[in-house]
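Asks: Each chain is listed here by its residues.
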Amino acid sequence: MIIQSIWLAIAFPLAGLLFNGLLGRRLGRGVVGIVGPGTVALAFVVGLFAGLDLLALPAQDRAIVVTLWNWISVGSFRAGMSLLADPLSVLMVLVVTGVGFLIHVYSIGYMEHEEDRLYARFFTFLNLFIVSMLILVLADNYLLMYVGWELVGVCSYLLIGFWFRRGDDPQDPVRLKDGELVPVPANLNPADSGKKAFIVNRVGDFGFALGVFLIWTTFGTLNFADVFGAAPEIASGTVTVITLLLFVGAVGKSAQLPLYVWLPDAMAGPTPVSALIHAATMVTAGVYMVARSHALYALAPTTSLVVALVGVITALYAATIALVQTDLKRVLAYSTISQLGYMFLAVGVGAYASGMFHLTTHAFFKALLFLAAGSVMHALGDVIDIRRMGGLRQKMPRTYWTFVIGALALAGFPLTSGFFSKDEILAKAFEFSPILWALGLLTALLTGFYTFRALFVAFWGSARDQELFDHAHESPGVMTWPLILLAGLALFGGILGLPQILGVDHALAGWLHPAFADLEGEGAEAIHHGLSAGLEWGLLGLSSVIALLGIGLAYWFYVANPGWPADLAVRFKSVFKLLVNKYYVDDLYDLLFVDPGKALARFCAQGIDNAAIDGIIDGGARLIVQGGAWLGRLQTGFIRHYALAMFLGVIVVVAYFFLR
Amino acid sequence: MAQQLQQGLFLALAGVAVVAALGVIFNRNAVHSALSLLANFVALAMLYVLLNAQFIAIVQVAVYAGAIVVLFLFVVMLLGAGGEMQMGGWLNWRTAFIVAAALVLLTLTGTAVFEGTINGAIGTATPEQIAQVGQTEAVGTALFTDYLLPFELASVLLLVGMLGAVVLGQRWRGAIAGRPSGEAE
Amino acid sequence: MTAVPTSWFLLLSAILFVIGAGGVLLRRNVLIMLMSVEMMMNAVNLTFIALSRHLSSLTGQIFVFMVMAVAAVEVAVGLAILIELNRLRATTDVDDVSSLKG
Numbered sequence: 000m001i002i003q004s005i006w007l008a009i010a011f012p013l014a015g016l017l018f019n020g021l022l023g024r025r026l027g028r029g030v031v032g033i034v035g036p037g038t039v040a041l042a043f044v045v046g047l048f049a050g051l052d053l054l055a056l057p058a059q060d061r062a063i064v065v066t067l068w069n070w071i072s073v074g075s076f077r078a079g080m081s082l083l084a085d086p087l088s089v090l091m092v093l094v095v096t097g098v099g100f101l102i103h104v105y106s107i108g109y110m111e112h113e114e115d116r117l118y119a120r121f122f123t124f125l126n127l128f129i130v131s132m133l134i135l136v137l138a139d140n141y142l143l144m145y146v147g148w149e150l151v152g153v154c155s156y157l158l159i160g161f162w163f164r165r166g167d168d169p170q171d172p173v174r175l176k177d178g179e180l181v182p183v184p185a186n187l188n189p190a191d192s193g194k195k196a197f198i199v200n201r202v203g204d205f206g207f208a209l210g211v212f213l214i215w216t217t218f219g220t221l222n223f224a225d226v227f228g229a230a231p232e233i234a235s236g237t238v239t240v241i242t243l244l245l246f247v248g249a250v251g252k253s254a255q256l257p258l259y260v261w262l263p264d265a266m267a268g269p270t271p272v273s274a275l276i277h278a279a280t281m282v283t284a285g286v287y288m289v290a291r292s293h294a295l296y297a298l299a300p301t302t303s304l305v306v307a308l309v310g311v312i313t314a315l316y317a318a319t320i321a322l323v324q325t326d327l328k329r330v331l332a333y334s335t336i337s338q339l340g341y342m343f344l345a346v347g348v349g350a351y352a353s354g355m356f357h358l359t360t361h362a363f364f365k366a367l368l369f370l371a372a373g374s375v376m377h378a379l380g381d382v383i384d385i386r387r388m389g390g391l392r393q394k395m396p397r398t399y400w401t402f403v404i405g406a407l408a409l410a411g412f413p414l415t416s417g418f419f420s421k422d423e424i425l426a427k428a429f430e431f432s433p434i435l436w437a438l439g440l441l442t443a444l445l446t447g448f449y450t451f452r453a454l455f456v457a458f459w460g461s462a463r464d465q466e467l468f469d470h471a472h473e474s475p476g477v478m479t480w481p482l483i484l485l486a487g488l489a490l491f492g493g494i495l496g497l498p499q500i501l502g503v504d505h506a507l508a509g510w511l512h513p514a515f516a517d518l519e520g521e522g523a524e525a526i527h528h529g530l531s532a533g534l535e536w537g538l539l540g541l542s543s544v545i546a547l548l549g550i551g552l553a554y555w556f557y558v559a560n561p562g563w564p565a566d567l568a569v570r571f572k573s574v575f576k577l578l579v580n581k582y583y584v585d586d587l588y589d590l591l592f593v594d595p596g597k598a599l600a601r602f603c604a605q606g607i608d609n610a611a612i613d614g615i616i617d618g619g620a621r622l623i624v625q626g627g628a629w630l631g632r633l634q635t636g637f638i639r640h641y642a643l644a645m646f647l648g649v650i651v652v653v654a655y656f657f658l659r
Numbered sequence: 000m001a002q003q004l005q006q007g008l009f010l011a012l013a014g015v016a017v018v019a020a021l022g023v024i025f026n027r028n029a030v031h032s033a034l035s036l037l038a039n040f041v042a043l044a045m046l047y048v049l050l051n052a053q054f055i056a057i058v059q060v061a062v063y064a065g066a067i068v069v070l071f072l073f074v075v076m077l078l079g080a081g082g083e084m085q086m087g088g089w090l091n092w093r094t095a096f097i098v099a100a101a102l103v104l105l106t107l108t109g110t111a112v113f114e115g116t117i118n119g120a121i122g123t124a125t126p127e128q129i130a131q132v133g134q135t136e137a138v139g140t141a142l143f144t145d146y147l148l149p150f151e152l153a154s155v156l157l158l159v160g161m162l163g164a165v166v167l168g169q170r171w172r173g174a175i176a177g178r179p180s181g182e183a184e
Numbered sequence: 000m001t002a003v004p005t006s007w008f009l010l011l012s013a014i015l016f017v018i019g020a021g022g023v024l025l026r027r028n029v030l031i032m033l034m035s036v037e038m039m040m041n042a043v044n045l046t047f048i049a050l051s052r053h054l055s056s057l058t059g060q061i062f063v064f065m066v067m068a069v070a071a072v073e074v075a076v077g078l079a080i081l082i083e084l085n086r087l088r089a090t091t092d093v094d095d096v097s098s099l100k101g
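Chains as they are written, first to last, in numbering that gives the first Met the number 0: chain A, 0 to 659; chain B, 0 to 184; chain C, 0 to 101.
Pulled out of the complex, with its shape left as it was, chain A reads as follows:
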């Protein structure tokens, strides 16, 4: 059974990481480009066979713990280097390695202009990320999960700052119809963006660590099975605190309010990184963690409500910002935040399988959208401002059509993958509370609008920058084929979770059912939710209408009546400015945290370090020099003076011996 060797899934990318990291520079990009994606493909195969092995087992036995070695054993504290292979983790392994493989392949083309050593470094980091992410999802205890959690954070930092020599990227201001120029905040440089991501994540990770500590003091173990087994006997207040703390970690990692600010700036990294880490996999770690800890969250309704509220508010909030972004990747970044909000809405209302379903489809279509955007950037020489694009659909047909498919899935166009997963979440939310559902539906409308706004502005119409347009060309096959494969997944991924009313089984829920079997009413059976068939059809239809409405609005605004958005911007100027400046949240955080932090650092550097510490050190040194000069006068160089001193010393010693 290959599932006993699930560690191979980690070992292959690890080997690739070591190989590329140590030898990649010397062996050249051909070898690097084979080893990097190849090892991830091997990991995917391992995951696939592990999944088949799981299917061969009876449903209640589908949780295999593979203990590699005993990692920490201090007193009663045990932390095994052990992996848990169950439907949930294997699903994540497949998503991570599957999408990861395609993105690796794409990177061969995307990074072709880099120097050899940067090329090798890029694949080394990507493989490190795959390793870290697999550790995160395969861990069978919170400590190992935390290790993976931190490791993906490091990879994120390294890859956002991959082009750390680049400077800030100032954005062209928006010229309104009445002639007023609205400045657009500059994109942070990659090094600062990496730092921002790392530091903001640290806030969340601090909460996560506290949660893990509290689990340890409460349960005396960090092992998932033991913790979840013992959870029902624990006071519900404690469980609430634990789950809230863990959720703080998820908020940081998955870019939810109020810790979302790092994700838009993370777009400073190479586009494959944005696709892999900041859209498809790492940012979904928080959702996975909540789903993994569902036994705890199910016991803490307060926390679950908080999760759902944070999720839906973030979804709506990020969608509004995405409406006015001029940077193609940032539109996608805000839509990622928004879609993650959907996932949290799902796990918050207890629909863990739905959350995982949306996670999976989102991985497909968002990776696709990012890679397509990257393909555009590649063609235009890293230009990402949609106001300078236009008419690209003639130049880059493959990129265009794959982008269209991704956008349809994101907007929830009927029968695409995103349609089914989003609709499922909305149905669950309706069941829980119509208010959440309404907010979710409004977000869906905005999603359709902003997605197709970007699409129409970038790909339709006529060229706005003729020079750029002439330079544009379709990307090489190594980049377009992953796009086409992902497009297929984005289009047909919905098959994994067709709604019950269509008379088919929900495949993904059935697959995940063993992992969520401990929850009453969750899993495959839960798809028979309490809604009547008519209501469900109604919701489905409404979702479709909303998606089409969003797309139609975008068409109306940006294709049929291109002057309207400008008129609206003038009429609602303050709203427009608010959205362009991202609700001034970054400025607020600068004011509240960054500036005081910098002031404190400056005080420490100048006041304490330069003045006090250096003063003490320099003063000490000066004292010694002065004292030495002073004492040096005792050294007259006259031998008789030395002899006298010796003689006096003899007298003292003799006196001591006789007088004591």
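Hints in this document: simulated from the structure, not taken from any laboratory. Where is the CB? At the ideal position from N, CA and C, for every residue including glycine. Hints are not guaranteed to be accurate.
To be verified - One-sided excerpt, in silico: chain C residues whose CB lies under 8 angstroms from chain A: (1) Val23; (2) Val93; (3) Ser98.
Position chains B and C against the provided structure of chain A, taking the given hints into account.
Replies: Quick look at chains B and C alone, frame taken from chain A:
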């Protein structure tokens, strides 16, 4: 009777030693100083005999009187350092201080001695036993049995000293020791 | 048997030591200073011999033997340095040699 003779002898020799010692430091002529030193050494050698240490007395005469004083005389001749008395300013606070310190040291030692604080384990080398084997053999036996290692180390010390004296006394032709000769030419 | 008390020898030794020390401190001629050092060593030797008799132990005499060896070396090296010094500075006056001044 023998006791008074010995005490008389001690006082005489002590007087010679002290006068000779003063002669060493107060003579203007370095040759005279060296000769006074010789007298001091010989007087001390005789005192050693009085203390039943005939072997050491012989060694004292051989090493100090024979070798060291002769060496001093050689150097005096070589440098021609016989001449005026070279003495620092005499009547200053430093001198007064030294005299006072010397007096303190003397008083301390004297007091200690006269109060009989010097005592220790009485060894086996009584004059009677030494008389049985002879003074030289007794010292020789001790030297080659109990104190063999210090004895051998002393020989190494002498060798090193000899080498040092040779190296220092060598005349380096414009070169400083340790530099390659080619560079010095 | 001990016709002359040990304390007499100790006193004489102290007197000779102080005279030697005075020579080291007061004379500026290196040669005389070296002689004075020799005298101080001899004074110590006298103490050793006297106590050797007082305690009926040969250890004191062995010590004297070692002191003599050291003294011989010291004089040899000291005089060699003196000659070299005289060659470099044409002086035997210690006050002229104070380059170690701090």
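Asks: What hint numbers does the structure not satisfy?
Replies: Violated hints: none; all satisfied.
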